Each structure stands twice: as structure tokens, then as C-alpha cells.
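Going down the list, the sequences are from chains A, B and C. Take 1 as the starting number for the first sequence in full-length UniProt numbering and just add one per residue. Take 1 as the starting number for the second sequence in full-length UniProt numbering and just add one per residue. Take 1 as the starting number for the third sequence in full-length UniProt numbering and just add one per residue.
Read the hints as simulated data drawn from the structure, not as lab findings. The model shown is predicted, which means the values in this text are computed figures rather than measured ones. We treat Cβ as the ideally placed atom computed from N, Cα and C, and that holds for glycine. Check each hint, because a few of them may be wrong.
Here's a subset of chain C near chain B, in silico, CB distances under 8 Å, partners left out [to be verified]:
#, residue
1, Gly36
2, Phe38
3, Leu42
4, Val112
5, Val116
6, Ala123
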Amino acid sequence: MEPLIAIVIGAIYASAIYMMLRRSIVKLVIGLILISNAANLLIFTTAGLTRGSPPLIPMDGSALPEVVADPLPQALVLTAIVIAFGVLSFSVVLIRRATEIMQVDDMDQMKENAK
Amino acid sequence: MLIAVLAGFVLAMFAPVLTRWLGHRVGWVMALYPAAVMIWLAGQVPQVMQGGGLYFEQAWAPSLGLSLSFWLDGLSLMFGLLISGIGTLILLYASGYMKGDPRVGRFYAIMLCFMSSMLGVVMADGLMSLFVFWELTSITSYLLIGFDHEDEKARKSALQGLLVTFSGGLALMSGLIMLNLVTGSWSLREIIGGEVSLRDNALYLPILLCLLGGAFTKSAQFPFHFWLPNAMAAPTPVSAFLHSATMVKAGIYLMARISPEFSGTSAWTLILCVFGAVTMLTGAFLALRFSGIKKVLAYSTIMALGTLTMLLGIGSEAALIAFVAFLFAHSLYKGALFMVAGSLDHETGTKDIDAMGGLFRKMPVTALSALVAALSLGGIIPLFGFVAKELLFEAVLATSQLTTFLLAMTLVSSILVVAAAGIVALRPFFGALKETPKTPHEAPVTMLAGPFILAGLSLILGFLPPLVGQPILAPAARAVMGGELTMSLYLWHGINTALIMSMVSLLLGLVICWQWRRVRGLIARLNPLLDRGPESGYWRLMDGLVRFSEWQTRVLQNGHMRNYLLMTLTVFVGLTGYALLVRHSLSLNLALDMRIHEIVVAAVTAASAVAACLMRSRLAAVAASGVMGFGIALLFLLFSAPDLAITQLLIETLTVILLILVLFRMPRFADLSTAGERIRDAIVALLTGALMSLLVLTMYDVNLFPSISEYMVDNSVDLAHGHNIVNVILVDFRALDTLGEIFVLALAATGVFAMLKLQTREKKAR
Amino acid sequence: MKTGTLILSVAARMLVPLQVLFSIFLLLRGHNEPGGGFIAGLVVAGAFALHQFVYGPAATRRLLRVDPRDCIGFGLVLGVVSALPAWLAGEAFMTAQWWPVLNTPLIFDVGVYLVVLGSVLTAVITLTEVDKDDY
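In isolation and in its complexed conformation, chain A is listed as follows (with noise of 0.2 Å):
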């Protein structure tokens, strides 16, 4: 399973690059979602894909099945998934604010106005 997922990554960052190349900027928000999508996949990849066993222990304190998912990238991913929320509408009110008080979305008009 994995070959495909690393495909599906590749896919995203391969959008998410291209859209952060533009010129307007508003497509630069859409860029900056797919990226830490991108990114949040691939770190929760890199342990490896486990089908069906998510690292939680049985209450009813049995043991763990032999393969259980690495609970570490998850942990990771989690507060990665909530940061990224954080700092995209960080970015997208400051998106805003630049078009607003420079009114163009045209990332080098923008500097020119700025000089």
C-alpha cells in the first residue's frame, strides 16, 4: 500500500507547489492547505501503514496484537493537523489585510506598491 500512498503525497505537493507559485494570491491559500496536508501525510506515513490495529491497549488488559500502528507520528500529526488550522488562518487574515490596504492579489504588484 504504501508505493501508493507515497504517489498520493507526491500528487498533493506537486498541486500544492504549483499553486504557491502563482502570482495571485489567493491562490497562495489553497497552496499553503495542501501543503500541510501533504505534510501531515507523509510524516503519518513514514512509520509505516498498519491495517485495522490502532494503538490503543484493551481495557480488559489483554495484550496487544503483535503489529499495532506507531502511535508516535500520530501523536505528532495531531497537534501538526491543529497548528497547521492555527497558522493558516493566521496567514489567511493576513492575506486579507494585504489585499485590503494594497487593493491588488497580484503578489508583484504588491512589492511594487510597497516601494
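Given the structure of chain A, go ahead and fit chains B and C onto it with the hints provided.
For chains B and C alone, coordinates are given in the frame of chain A:
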């Protein structure tokens, strides 16, 4: 010991508060700290005389073999006594000098920090602690030199001192690290007494050069001497402290400290003797060029530092005895003279010697102190400076290499120094009384005590050198020597070559002093040459740096994010891709173990990501990215991450809310790029995406470190009483990380709030 | 002020208390089952976000009673406070302490919950309020 060093930092914290309560009298309280340290150090004298010492160690980063350790031997003791003793007097002096200045609290705070750092330097045993304290003295002295931070000249001078000493600090650090690599120890005590012979090591010369780089910059050796006179922009108590007993002596201390392990080789002798001698002459010569009293003193300090370096370079028994004696004498008289200079400035309102005259009657005690200290500076019988100077001449006469060169340099320098001493001590006080910006009268008692006591000590010790000889100087010399030596100091050595040299220098020096103005005129003709000295090199370097950074900002940081991204990505793809393809055989494990529903989910996720960047309307793009988000959530769920799936779903919902609130208030998508740009961007994006895929695939084959997850899985229930391991990691095992993360989240939200609300308020205000 | 359809407004009114309860349930069981501070915070933030879409930010603020920004601050304080007991007990900073009923990881998780809740709501509510001012 730890307390002795660290108390200053603690006290410094309270200095501003205490100042508010006590006013300028706070100096008396502050002076208690160095006084206490001095008394404590004096109590250690008998033990150190016996050849013993103190050692203190506190584990710091045991896994790296680092510890915070201090070591008190003869050399540290002598420096410690000078620092704390002169420090006490300076702090008292400052309470008079700074009277009425609103910045007294800040002054004492920095001053105490500096004092503690300096004590730390001379008592540190760990190489890293030495380095840390060393840099601390640089930083605090930067603050002290730039104390008048509203004056541009002070700021520039402070920065110059900082840059010069920091660049030396970098060299010092590399030297210390190499030292550790060679000896395998972080402790100075072990290295110096150690088995490993450094002199035969291949790294001997690099280490020596690096350490000397640190010492030379700190101690203002030629060609780094220029920062010291500029540092005179500091308030006078600072100059008195920094340039008599401390800051600049740190470099001397370092050289003396490593001397047992390093001295005796031809490299050591050559470098130290030549640089020391050149510095000595440069300092003595330039001292006559200026009429500012502090400048004259500053250059004579450079001369003294050069002398000390040269003596260390000679390294014979006689030279080392002369070294400690000269060092001690210099600290006493230079401290006194700087304080006198400060008093003159304070009482007359000018620093220019030409503008002063006939002050003897107005300020008798100051004049007396100045006279005695200057006699010591000139090395005139019966002062302690004379004892030191005789030893200096004898040590130079007894050298086997470079004798003529060193002798000539020493003689010329001492002639010039006699002249400088005469200028400082005679010109302001005798002759006709001159109009000065302030009406001069005797300085207050606090400002008299310092110079008087120090000058008095120079006199007493001149008659009775053994007072300090056996208890303080001998152990210090032993520590520099790294072995036993016999030491006997006399005032009167009988009529010998050294005495004749003294006489000659005295006579010629007085002649120069007499004809000072003419001499200065002659020197002024050399100005074009002198202006091309090392200092102009420094300024040219600084200008070059500024120009270079302007250029690279223009070219590399041109403000187009696209260009940064493109450049970063190209480099990333190029280097990583190269390494990946060349270093790793791509043995991709393509055994496909897929289920049909997983393939569908993955395909939808990837397709919607691609769709998100092809859509021409904002709504469609947002919808596509939403589909991708839900696809990822499903993938999380399929591969055993229920917590992640829930979080992803919720965040996806909130993201859509956020985008509806913000994105649709913004302009529509516009196609701004040309077709060529689009193709270029697409190629870069595709390459990066492909590389990421390859990286992920390779990652499964490479396993560099054992996973730490096993520990967490095994201990989750036993140690943390939790069955959901992901949550246990978040709130227990790695709670500190989570704490940092929620801070980030809080910051982001605060940022959003600030940006939006401030804007609204601005609008309302209009 | 009321916007949206009848179904949405009724649903919002019914869902908010349910979701708050559910979030507390998620928070408490988080140590043993899927859930925890992050997820619970997001659930409750979602609930209030829905509410303010229907009834407007002012009504949501009234319902919340506390400013969401205070939630952030309080959450951060809880997070830091939970680190201190270990210090007093002479163990390494942030070592978990377990007492009957209460334990430091739980305090910490509640802190996380409040920060997530506060941050999301601060962003969403402020954005809506500013829009109301603008248009």
C-alpha cells in the same frame, strides 16, 4: 566559589531597585560585593602559598562530559585579588563620579555583571565555562563602553570593541574545542597538569594560533590595538576598571594560563615576542600623539599589554617574575591614573591636557596621587613600577634570541613611556592656571580614596616588595611557569646595566616631555601614514560587509516569494535527488498489497488535490481541497489512526468555515502568469512531487535509528495509566512539546485578533 | 439577529448543548479511547461556530459568557500549572503526578482543550464581527 562568582549577577538584578531606594549612595552597598570577594580571596592566600588551591565542580551536562567547574591557583588568585580590590575602589569612586546621573542603577547592574564575568574568566576551569565567561565580558563591556548610547561615537566604539573581541572569541572557541579533541578533557587543570604533550602534537600550531587570536584581540595587541583607545568613550570609572585590571588583562591571563603547556617552542617565542614588542612600541609611540588625557593613558595601556605579552614570549624564569611584577604594578598605577583622569574631567570639564594647568593648588590630593602613580608608570625609584621595570630590563638582557631587537624596542618604549607619564602627571598640575569649562576644586572623598590608595600601594610596595612577593606574586609566577622558581624582589639591585638603562630612559623621556608640543607636531606629519593603520582596515572591512549585504539582498532577497521558492526547490531537488539516485540503489519494494477500497480513496485524494489547482473558480478549488481533506481523513481511519481521522474531519469543517469567512471577501482567481512561467512552475512542481514520492518510498528501506515508540507502547499503561497511547504521548510523555504547540496556537489566534481588531479601531478612529 | 432557515436554527439550538456534553465526554475518555483535548476542543468550537452562523456573533458571545481570548489564557495557565507539582515533588519538571480523581495529565489536557476552543473561536468570531462592521 560559585557564590563568589555568581553573587555579582544576582546583585546586579537588584541594582536598579536599590538605586531607587538609596540614590547614588548605592555604590557603597555595591562595593560590598567585590570587597567581600577580596577578603575571601585574601583568606585563601596561605593555602595557595603552600601550593594548594581550591576546586569546585558542579555537573552540568554530564552526558557531554561538561561541568561547571572553578579552579583557584596562584594565577587566578592574583587576578582575582586585582579584580576585586580595584573593583571595590572603582565602585566607590563611581558613586562620586556618577552622582546625580539618572542612569546609576543601570551602570551598577552592568558593572557588577562585568565584574562577575571577569572573576568567572580567571577562575573558570572548564574550557566551555571559560569561553562563556569570556564572551560575557565582551558583551558587558560592550554595554559599558556604549553606556552613553545616545552618543553615536560611543555606540560605534562599543560596536568596534565588540566585533573585534567577538571575532577573537570565535577563534578562541575553535582553539578550545581543538584543545579538547587533542587532550580529551574539558578541564584546564587536567590539561595543564596532564600527560598529553601538546608541543609534539600536529595540532599544536593551529591551537596556539586560535587561542592567541582570542587573546590578542582581547588584549589589544597589534594589529588589533585600535579598539582600546576608542573604548575610552566609556565613563571614566569603566575605563579605569576595564583597562587597568580586567577586560584587556583577560587575554594576558589566557596566555599566562596556557603558558606551561605551550611555551618554549620557537613559534611561541617568536609570535609573542615580536607582536608584544611591536605592540609595546606602537602603544608608547602613539601615546604621545594625542592630547586627550584618557587617550594617552589608553595607549600607555597598550604599551603595557605589549610588554606583558613579550615577557610571556621570552618565558624564562626572570621574565615570568618580571611578568607578574609588571602586571601587578601596572594594575595599581593605571587604575589610579585613570581615576585621576576621571577626577580632572569631572572637576574641570575637559579631557584635553593642553587645556589644563596649575591645578596642583586646587586639587592637591589628586595631584599627589597622580604624581606618585605616574612615577610608578615611568618606572622611577622608589616606586613599585621601578622594581617591575628593573626586572623587565634584566629579563630582556638575559634573553638568548632576538636580544638586540627586544632590547632596542624596550628601551625606546620606556623612554616614550616616561614622557607619557610626565605629560599626564606634570602638565595638568603645574605651570600657569588655565581657564577650564568648570571651576576646579578638589574632588569628593569617594573619588580621592581610589587613586590615593592605589598610588599609596605603589609607593609602599616599592619600599617593601616582599609584602606581595612571596604571598601573591610567587604563586602566580609558579602557576605561569608550571614549576618551582625562586623569587626575591628588591628595590635596589645595585648599579648594573638595567639601572643605567633606566637612567637613560628617564633623562630622554623628560626631554621629550619638555618638548612635547614640538614632538607632537613632528608626529602629526606622519598622520597620513598613521591613518592607514589597522583601524582603517577595520573600517574598510565594515564598509565592504555593508556593501556586500546590500548586494546580496538586492540579488537574492528581492522580495519575490516566488523566486525564493523556486530557488529553494531547485536546490532541494537537485541536491537531494542527486544524493538519492547516486547513493541509494533504488531497490523499491513494489510488492503491491492493496485493497480495492483503499485504491479508490487514494485515487480520489490525489485527484482532488490536482483538481484544486486546476479549478478556475475559488469555490471549486475550496471544494476540491475539502474533498482531499476528507480523503486524507479516510486514509487515517483505514490505517489505524482514529484520533487523527476525527481531528482531520473537524479541522476540515472549520477550514471551510474559515475560507467562507475570508476567501470570498477577497478578489477572484486571476490568471496573471504567462504560459512560459506556468510551464516552468509546473515542471518544478512535478519534479518536487516526484522527488517526495521517491523519498517516501526509499524511507521504508532505510532505518537509521531504532524507533522510540516501543518504549511508549510498553510503558503507556504502567507509567502513565493511559490506554490511548497517542493521547498519552501528547499529554504525558511529550507534554512539553504539546505545551509549546498550544502556545503557537494561542499566538496565531492572538495575531488574528490583533490584525482584525486594530484595523477596525483604526477605521472607527477615522 | 437571526439568519438561516428554521431547521438550521432549531438544529443549532439543540446541537450546541449536545455537542458541549459530547466534547466533555471526549475530553475525559481521551486517555483511554480516541478523544482528548485537541479533538474535544475542536468539537465544541465547531458547535459554537455553527451557533454563531445562525444567531450571529453577539448571541454566541452571550452564550459563551467568557471571552474566548480568556479561554486561551486560562488554558495556557493550566498547561503551565500542571508542570509544577512534579517540581514540588522533587522530580524532573513535568513528570506526571497521579492523585485520586485528579492528575496532572488531565489538567494539562483541559488546558489544551481550552486553548483549542479559545483559539478557534477567537478567530471565527472576530472574523465574523469584522465582516459585520465592514458590510
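Each hint, compared with the structure:
1. The closest approach between the C-beta of C/Gly36 and any C-beta of chain B is roughly 4 Å, which is under the 8 Å cut-off, so the hint is satisfied.
2. Checking C/Phe38 against chain B by beta carbon gives a least distance of about 6 Å; that is within 8 Å, so the hint holds.
3. Using the Cβ-Cβ criterion of 8 Å, the hint placing C/Leu42 at the interface with chain B is satisfied: the shortest such distance is roughly 4 Å.
4. Satisfaction of the interface hint for C/Val112 is found here, the shortest Cβ-Cβ separation to chain B being roughly 6 Å, below the 8 Å cut-off.
5. Contact between C/Val116 and chain B, as hinted, is supported at the beta carbon level, the nearest pair being about 7 Å apart and thus within 8 Å.
6. At a threshold of 8 Å, the smallest CB-CB gap from C/Ala123 to chain B is about 5 Å, leaving the interface hint in force.
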